[in-house]
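Q: Sequence:
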Amino acid sequence: MVGDAGVFFDPDSPEELRTVLERVVTTETLRADLRERGYARLPAFSWDKNAAETARIYREII
Numbered sequence: 006m007v008g009d010a011g012v013f014f015d016p017d018s019p020e021e022l023r024t025v026l027e028r029v030v031t032t033e034t035l036r037a038d039l040r041e042r043g044y045a046r047l048p049a050f051s052w053d054k055n056a057a058e059t060a061r062i063y064r065e066i067i
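25 is the number that our numbering gives to position 20 of the sequence shown; each next residue is one higher, with no gaps.
You may find that some hints are simply not true.
Label pairs and their computed distance ranges (CB to CB) [said to hold, decoys possible]:
no.	residue 1	residue 2	range
1	I66	V29	36 to 46 Å
2	G8	T59	14 to 24 Å
3	T34	M6	43 to 53 Å
4	A37	I62	28 to 38 Å
5	M6	A56	14 to 24 Å
6	T59	V7	42 to 52 Å
Think of the hints as simulated: they come from the structure by calculation, not from any bench.
All values reported here derive from a predicted model rather than from experimental measurement.
Every residue gets a Cβ at the ideal spot worked out from N, C-alpha and C, and that includes glycine.
From just these sequences and the hints, can you work out the full model?
A: Here is the structure:
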């Protein structure tokens, strides 16, 4: 879901989470890049697109 607009880490590693959060908080260029990539992903989650996909799924199962 997040694609390239997020930072990944091992969910079982509190240390890795701390490291990733620290990197995001202290690196302006990384924050700006993630923000830009996040905005670029917005069209994938539009109401129109989700409504069309939901309708398609309903048509398949009915």
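Q: Against this structure, judge whether each hint is valid.
A: Consistency of the hints with the structure:
no. : hint                  : in the structure
1   : I66 - V29: 36 to 46 Å : holds, 40 Å
2   : G8 - T59: 14 to 24 Å  : holds, 21 Å
3   : T34 - M6: 43 to 53 Å  : violated, 24 Å
4   : A37 - I62: 28 to 38 Å : holds, 36 Å
5   : M6 - A56: 14 to 24 Å  : holds, 18 Å
6   : T59 - V7: 42 to 52 Å  : violated, 21 Å
The structure is inconsistent with the numbered hints 3, 6, although it conforms to all the rest.
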